[in-house]
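Visitor: Spelled out from the first residue to the last, the chains are:
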Amino acid sequence: MTIAIDARSAGQPSPALRAKRRRQRLTVLAFLTPWLLGVAIFFIYPLIDTVYLSFTRYDLLSPPKWIGLTNYRFMFTKDPQVVQAAYNTLWLVVILVTARVLFGLAVATLVTRLKSGLGLFRTVFYLPALVPPVAGVLAFVFLFNPATGPVNQILGALGLPQPLWFNDPSLSKPSLVMLGLWGVGDLMIIFLASLLDVPKEQYEAAALDGVNPWQRFRYVTLPNISPVLMFAAITGVIAALQYFTEAVVAASVASGQATTGGGNAALLGYPEGSTLTYAQWLYVMGFKNYYLGYASALAVVMFAVSLGVTLILLRRARSLVYGAEGTR
Amino acid sequence: MSAVTATTAMSTPNRDIDTRGNRRAKRRKRLSFIADHSVGIAVAIMFLAPFVFIVLQSFMTSEQALTGDLWPQTWHPSNYVDVFTKAPMLLYLRNTLLYATLATVFMLLSSIPAAYALSRLQWKGRNAAFLVVLMMMMLPPQVTQVPIYVMWTRLHLTGTLWPMILPNLLGDAFSIFLLRQFFLTIPQEYADAARVDGCSEWRVMTKVILPMAKPGIAATAMFMFFFCWNDFYGPTLYTSENPDSWTISLGLASFRNLYQVQWNLTMAATILAMLPVLIVFFLAQKVFVEGITLTGVKG
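Protein chains in written order, with my numbering: chain A, 1 to 328; chain B, 1001 to 1299.
In case anyone wonders, no lab produced these hints; they're calculated from the structure.
Keep in mind that a hint or two might mislead.
Pair by pair, the computed Cβ-Cβ distance ranges are [said to hold, decoys possible]:
#1 A:Leu120 - B:Leu1091: 36 to 42 Å
#2 B:Arg1027 - A:Leu120: 25 to 31 Å
#3 B:Asp1069 - A:Ile41: 51 to 57 Å
#4 A:Phe217 - B:Thr1185: 28 to 34 Å
#5 B:Tyr1190 - A:Val51: 41 to 47 Å
#6 B:Asn1127 - A:Ala19: 22 to 28 Å
#7 A:Pro199 - B:Pro1141: 36 to 42 Å
#8 A:Ser116 - B:Thr1085: 19 to 25 Å
#9 B:Pro1077 - A:Leu102: 27 to 33 Å
#10 A:Leu155 - B:Arg1094: 38 to 44 Å
#11 B:Pro1077 - A:Thr33: 48 to 54 Å
Short, incomplete list of chain A residues facing chain B, as computed with Cβ under 10 Å [claimed, not checked]:
#12 Ala86
#13 Tyr87
#14 Val111
#15 Phe125
#16 Leu130
#17 Pro132
#18 Gln215
#19 Ile234
#20 Thr235
#21 Ser255
In silico DSS-like links for lysine-lysine, alpha-carbon gap of 27 Å or less [unchecked claim]:
#22 A:Lys20 - B:Lys1207
#23 A:Lys115 - B:Lys1029
#24 B:Lys1026 - A:Lys200
#25 A:Lys65 - A:Lys288
#26 A:Lys200 - B:Lys1029
#27 A:Lys115 - A:Lys20
We put the beta carbon where it would ideally sit given N, CA and C, even for glycine.
Required output: the full structure, derived from the provided sequences and hints.
Guide: Rendered as structure tokens:
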């Protein structure tokens, strides 16, 4: 049927071709309409409105009232908890992301060096990454609970000190890092695929040159896997900026109080504010205390930071957009 | 590695030295093989130990749970029944399944055509649109949360699961991204052949591309389902004031403190929350690993 149309259009190109082009445009539009609506309603509009609301006082009951830079002035000079929350989040961005990338790479390297049972080991190392975050936190708060937790029981039996872990302000974040390392499997799978993709000939050439293992890693492996490492680090930073679930649940369960996300102000970031994250502070100020204008200001700052990180990624987007065509 | 041994073998004319070197190399190889595996086994034990300890705990009596023992004196599988009598777990399960199922179906309906247009149709602005997908994917949900929350309040839907379900009708950035990556792996020739045969673009997608992309669609759907199953932020934000709408994540997070139970029951509930995810993983491991690999391999 269309073959006939094509034959005709070959005879008289101009109007038929134009009709065809219009039909194609309409097809594309039809496929994209739901998503375009989504972009407008859940991305562009709220982004603009957040910036506007950040200059207002707004509590959902009365209309937003313009107060200029007051929210920002409060944030940068008068809110001690935002300082703590930003510090904790920055700590997680630096320590948690670095630790996870390095550990993920180490475990992936370990798997590549196993001569047999690769599939089995890969499954074992990946398994904890599947555990729902809330379940994982509960498991770790139990394992590390100071009184009856298996970790301290074993440390005690060995005659070692028994720290308070999630109940100690200086160890609560490192305990969360251990939880993050347990769930490193997602990174491990990505790194493993990338390590196995490094061309064998390059290793053989390096071996002929008589390089040591460090040089082999530095000059053969690293250049091949660095794009994947970079991507993992950036997505890791974005995830750490919004770190919420693990911190909230760990604080709530370790403190022994049901708070469902920060209802009880005294227990925020238990112990001693050491697990209060930026995303949690935004949540508490905005959706528990209904300082929606202030929460918007916090959101604008968060946007600025995450945009900066994303732009690093988008600088490489060229290869992502065009290179993916060649990906098999 | 083999190249190194080959060169040493060739460069040593003396046969005696050669065999001795060979034997030494072989022994070194065997030792390093054992060493590698022992490190692997040690690390594997570290990864598995938490599972073992929480399973053991989940079978203890409530009295023994107070002691710090590692091994149950008597095995109490009834803990797994008590979990359901202590907390409305079936309600949580129903809510979670409602959320996860509807969100996944809606996501597929809206995101498959979008991903198709972004990967298999030629149009001006396609690359720019893909950059928008990437930006939305990287945007922390907190950034746009205030206006979106206000919107759902105006619609009187806070306190329900709908604010998390309905947006999926308008596409999900991560799913679109993942589906696009899968669609790109299907050779363009199949679609072109169908077009020459006079298929409309909708038919090319549903009859040619989708059947070939089944593993990718399955992986994307599974990621979405698990995201909902695991989600804590969304349910906390919208339903924490209304326990009738709580999901498993929310119920589990307050289980120990709200119902005044010991660690044994808490760990039984924890295992019940993990189990479905682990079972599905073992049934569909290949699809899963393929999906995760695609999320990261974009060098």
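Visitor: Evaluate each hint against the coordinates.
Guide: Tested hints:
no.	hint	verdict
1	A:Leu120 - B:Leu1091: 36 to 42 Å	holds (38 Å)
2	B:Arg1027 - A:Leu120: 25 to 31 Å	holds (26 Å)
3	B:Asp1069 - A:Ile41: 51 to 57 Å	holds (55 Å)
4	A:Phe217 - B:Thr1185: 28 to 34 Å	holds (30 Å)
5	B:Tyr1190 - A:Val51: 41 to 47 Å	holds (46 Å)
6	B:Asn1127 - A:Ala19: 22 to 28 Å	holds (26 Å)
7	A:Pro199 - B:Pro1141: 36 to 42 Å	holds (40 Å)
8	A:Ser116 - B:Thr1085: 19 to 25 Å	violated (47 Å)
9	B:Pro1077 - A:Leu102: 27 to 33 Å	violated (41 Å)
10	A:Leu155 - B:Arg1094: 38 to 44 Å	holds (42 Å)
11	B:Pro1077 - A:Thr33: 48 to 54 Å	holds (53 Å)
12	Ala86	violated (13 Å)
13	Tyr87	violated (18 Å)
14	Val111	holds (8 Å)
15	Phe125	holds (6 Å)
16	Leu130	holds (5 Å)
17	Pro132	holds (4 Å)
18	Gln215	violated (14 Å)
19	Ile234	holds (8 Å)
20	Thr235	holds (8 Å)
21	Ser255	holds (8 Å)
22	A:Lys20 - B:Lys1207	holds (22 Å)
23	A:Lys115 - B:Lys1029	holds (11 Å)
24	B:Lys1026 - A:Lys200	holds (22 Å)
25	A:Lys65 - A:Lys288	holds (20 Å)
26	A:Lys200 - B:Lys1029	holds (19 Å)
27	A:Lys115 - A:Lys20	violated (57 Å)
Hints 8, 9, 12, 13, 18 and 27, counting from the list given before, are not met by this structure.
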